[in-house]
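Student: Using the sequences and the accompanying hints, generate a full structural model.
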Amino acid sequence: GAPGSAWQVNGKNKVQIDYATNHGTEVLLFELNGDKLEQTKHYSANQLYKTITKDENYTSGNLHSTEEFKDKLGQVVLKRSYVKVSTSIKKVDTYYVYDDYGLLRYVLPPKAVETYLNGGSTAYTSTSGYKVIESNESLSAAETDADKYFVKQNASLTLKPGYHFKASSTQSLLIKSEQVNMDEFNELIYVYKYDGRKRMIEKKLPGALPVYMVYDNRDRLVATQDGNQRAQNKWLVTKYDHLNRPVLTALYSPTLKSGNVKKNGEDLKTDVDAFYAVSSNPMFECRGSGLKSYNNKSFPTGISDTDVLTATYYDDYTFDHCPQSAYNPNQLALSALETALLPLPKGQVTGTWVKTLNADSGKPGGLWTVNFYDKKYRVVQTYSDNYLNGYDRITNQYDFVGKVDRSIHEHVALGKTIVENKWMKYDHAGRLTKVELAYSG
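Residue numbers for the sequence shown follow the numbering used here, so the first one is 13 and each next one is one higher.
Note that these hints are calculated values from the structure, not bench results. One or more hints might be untrue.
Claimed, not checked - Label pairs and their in silico Cβ distance ranges:
{"hint": "1", "residue 1": "369", "residue 2": "428", "range": "22 to 28 Å"}
{"hint": "2", "residue 1": "76", "residue 2": "212", "range": "45 to 51 Å"}
{"hint": "3", "residue 1": "17", "residue 2": "452", "range": "15 to 21 Å"}
{"hint": "4", "residue 1": "58", "residue 2": "207", "range": "33 to 39 Å"}
{"hint": "5", "residue 1": "287", "residue 2": "356", "range": "45 to 51 Å"}
{"hint": "6", "residue 1": "361", "residue 2": "76", "range": "41 to 47 Å"}
{"hint": "7", "residue 1": "98", "residue 2": "396", "range": "52 to 58 Å"}
Ideal Cβ placement from N, Cα and C applies to all residues, glycine included.
Tutor: If you want it as structure tokens, here you go:
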């Protein structure tokens, strides 16, 4: 139940959950034939667990209820809800298709399911084992070389009087038609592909071109590329430190193959493997002067400062950041003990740099953020550039249980400074009870 007498479990406004199994024609069975999606039958009766959830507005029938079907491995294969269209109740289905390893390969949202059901009996279909009808053909006598026919679009198969086919327990006549608008169907579905190590290497979202993903032999995602980047032969690459923490992201344009053919995911994966096959090539970045205070030795090395989009720094402050971001221990006028800075906050993010969209190509601009910690690894001060060519500095003071009881926010922009003082009060259970604010500037 929920607060309010009308929402209690013995009232009419409650959430109800029922359990059942599927019946024989309730759920379509989508299967994979290689990478292709096929549907030729339904799940047999009692093969799926069915959970029916009725919300607080449920009265009768199917409206205001949802149904979830799971297979014996616990994988959700169908989520079904109901909506009212004019005077009728319409099913809204989302199907999920998995491979033999339990990896999600396809998601068919409601519009795709509707297109499929209205378009024909098959979506991605293998014609192996079928006699393919390419034009208009007629059957007037039983054939011994085919009992399955696949009728292509704009073709027809006519059964004339005199055609006989005797079905048995092991043989039946199956005629399928290719009527689904595949272009429309493909634009509506989610498609995921994986490599032999179960890493996602390609995904396609509705209305978008595929996104490629490339990994190194540490299973780190080192490059991605969407359709827009592919048109420009660009990849979004990520460099890591020795603890596999991301330190740099940048745009990278690899050397094209002969014929100026743009590289796909397999091509770039080959480049990554070849680079790290050389034992002298390190797999991680160290601090240096090559690229945003990193040495630019890991894959790919062919990028410069102008290509970098973000930089992240950990553990210390030995990176080149703006001078005004230095720690200011006097902002709260605390004692030296209370304002002591932890010089080596191991495992913590000490700084970030983000490239601005309006940065000149020759002199890339960006916004800095620097975090300072006390001996208990609590953030005592944060400096961050703002887009108004100024900065924000926030200093925190903690009480003995570790809650912030005072903070000062200094905002500098367009040559003006505004300071916000904030005091917080808590009750015995640590719940915030009062906030006081004071402004100056």
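Student: Now, for every hint given, state plainly whether the structure supports it.
Tutor: Here's how the hints hold up against the structure:
1. A C-beta distance of roughly 25 Å is found between residue 369 and residue 428, which places it inside the suggested range of 22 to 28 Å.
2. Range check, residue 76 to residue 212: about 36 Å between beta-carbon atoms, so the 45 to 51 Å window is missed.
3. Taking 15 to 21 Å as the suggested C-beta distance range, the pair residue 17 and residue 452 does not conform, at roughly 51 Å.
4. Between residue 58 and residue 207, the C-beta spacing of about 36 Å keeps the proposed range 33 to 39 Å intact.
5. In this structure the supplied range 45 to 51 Å is violated for residue 287 paired with residue 356, their Cβ-Cβ distance being about 32 Å.
6. The given range of 41 to 47 Å is respected by residue 361 and residue 76, whose C-beta atoms sit roughly 46 Å from each other.
7. A C-beta distance of roughly 54 Å is found between residue 98 and residue 396, which places it inside the suggested range of 52 to 58 Å.
Figure legend: structure checked against the earlier numbered hints; hints not met, in rising order: 2, 3, 5.
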